[in-house]
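The lines below spell out each chain.
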Amino acid sequence: MSPSVRLQEMIRVIRGARTQGEERGVIQRECAAIRAQFRQADNGTRSHNLAKLLYVHMLGYPAHFGQMECVRLIASPRYNEKRVGYLGAMMLLDEKQDASLLITNSIKNDLSHSSQYVQSLALCTLGCMGSAEMCRDLAPEIDRLLRASNSYIKKKAALCAVHIVRKVPELGELFTPASRSLLSEKNHGVLHGAVVLITELCERNPETLEQFRKAVPELVQIMKGLVMSGYSPEHNVAGISDPFLQVRILRLLRILGRNNETASDAVNDLLAQVATNTDSSKTAGSAVLYETVLTVMDIKSESGLRVLAVNILGRFLLNNDRNIRYISMTSLQKIVQTDHNAVQRHRGTIVDCLKDQDASVKRRALELSLALVSAVNIRSLMKELLLFLSSCPPELRAHTTSGIFNAAERYAPSQRWHIDTILHVLTTAGGDVRDETVPNLIQLITTATELHCYTVHKLYRALIADISVQSLVQVACWCIGEYGDLLLRGECEETEPVQVAEDDVLDALETVLQSHMSSPATRGFALTATMKLSTRITHNVDRIRSIVSIYGSCIDVELQQRAVEYNALFKKYDHMRAAVLERMPVIDKSSPGHTNGESAGGSIKEMEPTKRTQEVVLPQEPANQVCDLLDLLGGSGEPPQPSPALSTTALGPVSSTAGGDLLDLLGGLDVTPVPPSVIVYEKNGVTLKLQTDRQTDTGMTITLTATNSTDREITSLTLQAAVPKSVQLQMKAPSGDVIPAHGLGQVTQTVLLNNPNKVSLKMRVRVCYTSQDFVCQDTVQIDSFPSPAW
Amino acid sequence: MLRFLLLFSRQGKLRLQKWFTPVTEREKKKVIREMTLMVLARPPCSCNFLHWRDLKIVYKRYASLYFCCGLEDQDNELLTLEVLHRYVELLDKYFGNVCELDIIFNFEKAYFILDEFLMGGEILETSKTAVGIAMEEAETLQETMEEYMSKPTY
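Top line first, the protein sequences correspond to chains A and B. Following the numbering used here, the numbering of the first sequence begins with 1 at its first residue and continues without gaps. Following the numbering used here, the numbering of the second sequence begins with 791 at its first residue and continues without gaps.
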């Protein structure tokens, strides 16, 4: 029997094994036979034995005892043994094995072999698994082969050089001269290898990149030749002549043209030609077009070309082939920041892709839709996103919810819409939302004062429907505790009011308290809400007392502590109960009717040592007040992100964080030599100065300083600012809100302005303060800013 | 560059593996397992592209074999589909109407063809005919050698 049949015989036997155990037995026997054969003297069957071992290895069985045999076979003068030996080396040896060093010498000898096929074996193995030492040793050989050999060897030497450069980047300089001359070859294989090598060299070394920019005209010529050439049977794929080479050249042109005007200009025509002439009905053509689009977007191409590229992507979006739609969305994602308007035109198609069956396409469509959200399309786009959320695959839900929240925060057209959206998300996918959602939503609800009634009605309905979604339940409990009186009143303008009795509300809260589905944090919310209701309802205070005293012996330490403290509130401190449990101060300090927000906050702070307080609300000046002023300017620029200011009781004791922050700020004030400052407002003894701390092309940092020359201190100082539409504003927290009298102290506030479109900066500042029990409010316009001093 | 190329059957049996970067045996097994799980779980008419760790995965099914490869960020996925198709064409030309059994029983030939087409994760030869010619010439070299098998090496 001829040996090679025995290999196939063995494969047949192994495949015939009916169970895993039988297969293992067969393989063990064969491996033993192979090992024995390896130990024997050469009998002409070594290569077949190694081949059998390689088959066994592919099935997943250990084959390390074949490594030395590979080394021996590689050293053999026979071609078929070398061939299998090298194959074995590529499969069994890698640079981590010691045996791989032993083949270095064989490779070296074979690189100078008279037969090109032996040379090619050595090149292939070196290019596949050569370690750094081997590469260093053999690099000069490879360089020699790059220059003086036939095209069959040249192309292999080129890719081997690529591997060497990847392993030992310093050797790149060795190959640079040879690779330049390879560009004049006619053979496509060599040309392709040369382009890959040059790409690798340019990516690793900026100087080499500079050098090869001179080769751009040559590359353009080659590319033109490919595009305009007639049918070539050897290289033709679906009507495109050698798409593999075309794509590689385009990729190299991208790297050479990036950030360089001259190179980019040189390729503009070519790219336009390729974009218009390439037939994209089959994948090969689409691949070339895709690479062209990537190149156009990455270099400094002219705007007409960019528009053409985006249109190509738009065409791809309408293609029936899912792969092409996927590719198009990936590319649009890359350019959505820079060419936002162009991508917006295709929004409809992208949103349709959300409904695609394929999970990869859905994911891409989601990313792109979230990137396309803007103030103009927020309502319609949010409808689509919410629809998507109800049917989206589970692995995408968390990402979708956080994307929706971000979009809602930035572009919400009204507070009611914002609250509705968040509630919708919580009911649909409440289990997949971020942790900060609950405090964020609560903060939002408190600011929407007109909507308290509406909100509490909606939340109550949601609560009695389903108490399994923790985030929703927590918010609902908080609201019911806070605004329970509005709920019980039974009237509401915005929505159908519920007619509930106090008992119903308490039942709902008690259900949450007792349910095994509620997490400890949720139960904490429910208990606190029940307690708060004691000041908002009239008849069932005793019921509340009994609930609270029951939980005084709860196993959960947090609940127990709360219950005990609330009990104390009932028994010993009943006179304070109303004050402690009154309505939470709204975060928006400037809204009328809440000037005693400070005092309520103050009283809570005093009680701190004896009572566990509820959420202390930080003065959240920047975000919501700026929203007001932005309306004044008639624009609807993006309101800066409101930072989550609430710390919930669920997370632990709440110290007077408001005071803490102020103290931090005083520590953070810069003490620099005084740059020139401009007085922007002076009235009633209050002076407001502006100085520029830092100024760049696209932004500046300014500090507003307020001083007081009157006899009495100025209190409740707030500064609000508004800027033109495209400018982004961020106001840091002020150093305080009380200006001592007689100029003995000052209040400072830092403002960061980001002006990416470099419009002329103007700012309107509203100053609000209480002086001698008189509330003053003024607005000043600042048209020019002083230059910073350095 | 391609990081790896795997061929496996509908039952998840590996028929060919080519790794273009040094990978430990354990890691190889892990990757193979994850690839087979991911690709075999895909419904029939899905997109051929996936995302896994930091790689793009391109796969295509030809009859009973799945061809699956891992790409780096800069690589062109559509072109890789063409690469896979070209490899299948080369196998078809060499074996004459190739089927899975051909690749099972002549796996070393499949590797040799692959080594004439790809090297170091990059395309080596773009001409359809050149690979076939190289294989033929290497075969003649092999036969001549086998005739002189009687001479021992050492």
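Honestly, the hints are just simulated from the structure, not real lab data. Some hints here could point you the wrong way.
Between beta-carbon pairs, the in silico distance windows are [to be verified]:
| no. | chain 1 | residue 1 | chain 2 | residue 2 | range |
| --- | --- | --- | --- | --- | --- |
| 1 | A | Gly304 | B | Lys803 | 52 to 58 Å |
| 2 | B | Glu890 | A | Pro520 | 40 to 46 Å |
| 3 | B | Trp842 | A | Gly21 | 32 to 38 Å |
| 4 | B | Gln864 | A | Ala99 | 44 to 50 Å |
| 5 | A | Pro169 | B | Gly886 | 42 to 48 Å |
| 6 | B | Trp842 | A | Glu173 | 32 to 38 Å |
| 7 | A | Glu173 | B | Lys818 | 30 to 36 Å |
| 8 | A | Gln357 | B | Glu817 | 30 to 36 Å |
| 9 | B | Trp842 | A | Gln514 | 25 to 31 Å |
| 10 | B | Glu817 | A | Gln40 | 33 to 39 Å |
| 11 | A | Phe65 | B | Glu817 | 18 to 24 Å |
| 12 | B | Lys818 | A | Pro520 | 54 to 60 Å |
| 13 | A | Arg204 | B | Gln801 | 41 to 47 Å |
| 14 | A | Gln357 | B | Lys803 | 55 to 61 Å |
Straight-line alpha carbon distances no greater than 20 Å define the calculated EDC-like cross-link-like pairs of lysine to aspartate or glutamate that follow [as the list claims (entries may be wrong)]:
| no. | chain 1 | residue 1 | chain 2 | residue 2 |
| --- | --- | --- | --- | --- |
| 15 | A | Lys334 | B | Glu862 |
| 16 | A | Lys186 | A | Glu207 |
| 17 | B | Lys808 | A | Asp143 |
| 18 | B | Lys803 | B | Asp892 |
| 19 | A | Lys300 | A | Asp269 |
| 20 | A | Lys683 | A | Glu565 |
| 21 | A | Lys334 | B | Asp844 |
| 22 | B | Lys883 | B | Glu815 |
| 23 | B | Lys803 | A | Asp143 |
| 24 | A | Lys224 | A | Asp265 |
| 25 | B | Lys819 | A | Glu95 |
| 26 | B | Lys899 | A | Glu95 |
| 27 | B | Lys803 | B | Glu815 |
| 28 | A | Lys282 | B | Glu879 |
| 29 | B | Lys850 | A | Asp321 |
| 30 | A | Lys383 | A | Glu367 |
| 31 | A | Lys96 | B | Glu879 |
| 32 | A | Lys334 | B | Asp863 |
| 33 | A | Lys167 | B | Asp892 |
| 34 | B | Lys883 | B | Glu862 |
| 35 | B | Lys808 | A | Glu234 |
| 36 | B | Lys918 | A | Glu203 |
| 37 | A | Lys167 | A | Asp143 |
| 38 | B | Lys819 | A | Asp94 |
| 39 | B | Lys818 | A | Glu95 |
| 40 | A | Lys167 | B | Asp863 |
Glycine residues also receive a C-beta, built at the ideal position from the N, C-alpha and C atoms.
A quick look at each hint next to the structure:
Separated by about 53 Å at the C-beta atoms, Gly304 of chain A and Lys803 of chain B satisfy the suggested range of 52 to 58 Å. Against the hinted window of 40 to 46 Å, the Cβ-Cβ separation of Glu890 of chain B and Pro520 of chain A comes to about 57 Å, which falls outside the hint. Trp842 of chain B and Gly21 of chain A have their C-beta atoms about 33 Å apart, which keeps the hinted 32 to 38 Å range intact. The beta-carbon spacing between Gln864 of chain B and Ala99 of chain A, approximately 34 Å, falls outside the hinted interval of 44 to 50 Å.
With their beta carbons about 44 Å apart, Pro169 of chain A and Gly886 of chain B fall inside the hinted range of 42 to 48 Å. Remark: the range hint 32 to 38 Å for Trp842 of chain B to Glu173 of chain A is upheld by a beta-carbon distance near 36 Å. Checking the proposed 30 to 36 Å range against Glu173 of chain A and Lys818 of chain B shows it holds: the Cβ atoms sit about 34 Å from each other. The beta-carbon spacing between Gln357 of chain A and Glu817 of chain B, approximately 33 Å, falls within the hinted interval of 30 to 36 Å.
In this structure the supplied range 25 to 31 Å is violated for Trp842 of chain B paired with Gln514 of chain A, their Cβ-Cβ distance being about 45 Å. Glu817 of chain B and Gln40 of chain A have their C-beta atoms about 35 Å apart, which keeps the hinted 33 to 39 Å range intact. Hint check: Phe65 of chain A to Glu817 of chain B, Cβ distance near 21 Å, so the stated range 18 to 24 Å holds. Distance hint check: the CB atoms of Lys818 of chain B and Pro520 of chain A are about 46 Å apart, inconsistent with the given range 54 to 60 Å.
The given range of 41 to 47 Å is respected by Arg204 of chain A and Gln801 of chain B, whose C-beta atoms sit roughly 43 Å from each other. A beta carbon spacing of about 29 Å between Gln357 of chain A and Lys803 of chain B contradicts the range 55 to 61 Å that was offered as a hint. With a C-alpha separation of about 16 Å, the suggested pairing of Lys334 of chain A with Glu862 of chain B holds against the 20 Å cut-off. Of the supplied pair hints, the one linking Lys186 of chain A and Glu207 of chain A is violated, its CA atoms being roughly 27 Å apart against a limit of 20 Å.
Of the pairs offered as hints, the one joining Lys808 of chain B and Asp143 of chain A is violated, with about 26 Å between alpha carbons and a cut-off of 20 Å exceeded. For the suggested pair Lys803 of chain B and Asp892 of chain B, the alpha carbons sit about 15 Å apart, so the restraint of at most 20 Å is met. With a CA separation close to 13 Å, the supplied pair Lys300 of chain A and Asp269 of chain A stays within the 20 Å bound. A threshold of 20 Å between alpha carbons decides the hint, and for Lys683 of chain A with Glu565 of chain A the separation of about 49 Å lies outside it, so the pair is violated.
Distance check on the hinted pair: Lys334 of chain A and Asp844 of chain B sit about 16 Å apart at the alpha-carbon level, within 20 Å; holds. Simply put, Lys883 of chain B and Glu815 of chain B have alpha-carbon atoms about 33 Å apart, too far for the 20 Å limit, and the pair is violated. Restraint check for Lys803 of chain B and Asp143 of chain A: the C-alpha separation of about 41 Å exceeds 20 Å, so the hint is violated. In summary, the hint linking Lys224 of chain A to Asp265 of chain A is supported, as the alpha carbons are separated by about 16 Å, within the 20 Å threshold.
In summary, the hint linking Lys819 of chain B to Glu95 of chain A is supported, as the alpha carbons are separated by about 18 Å, within the 20 Å threshold. For the suggested pair Lys899 of chain B and Glu95 of chain A, the alpha carbons sit about 24 Å apart, so the restraint of at most 20 Å is broken. Using a Cα cut-off of 20 Å, the hinted pair Lys803 of chain B and Glu815 of chain B holds, with the two alpha carbons roughly 17 Å apart. Distance check on the hinted pair: Lys282 of chain A and Glu879 of chain B sit about 16 Å apart at the alpha-carbon level, within 20 Å; holds.
The hinted pair formed by Lys850 of chain B and Asp321 of chain A meets the criterion: a straight-line CA distance of about 14 Å does not exceed 20 Å. Note on Lys383 of chain A and Glu367 of chain A: the hinted pairing holds, with a Cα-Cα distance of about 16 Å set against a maximum of 20 Å. Simply put, Lys96 of chain A and Glu879 of chain B have alpha-carbon atoms about 35 Å apart, too far for the 20 Å limit, and the pair is violated. Distance hint between Lys334 of chain A and Asp863 of chain B is fulfilled; the C-alpha atoms sit about 12 Å from each other, no more than 20 Å.
A hinted pair counts as satisfied when its Cα atoms are at most 20 Å apart, and Lys167 of chain A with Asp892 of chain B does not qualify at roughly 36 Å. Simply put, Lys883 of chain B and Glu862 of chain B have alpha-carbon atoms about 29 Å apart, too far for the 20 Å limit, and the pair is violated. Of the supplied pair hints, the one linking Lys808 of chain B and Glu234 of chain A is violated, its CA atoms being roughly 26 Å apart against a limit of 20 Å. With a C-alpha separation of about 30 Å, the suggested pairing of Lys918 of chain B with Glu203 of chain A is violated against the 20 Å cut-off.
Under the criterion of a C-alpha separation no larger than 20 Å, the hint pairing Lys167 of chain A with Asp143 of chain A is consistent with the structure, at around 16 Å. Of the pairs offered as hints, the one joining Lys819 of chain B and Asp94 of chain A holds, with about 15 Å between alpha carbons and a cut-off of 20 Å not exceeded. Proximity of Lys818 of chain B to Glu95 of chain A is assessed by CA-CA distance (about 15 Å); at most 20 Å being required, the pair is judged to hold. Restraint check for Lys167 of chain A and Asp863 of chain B: the C-alpha separation of about 19 Å stays at or below 20 Å, so the hint holds.
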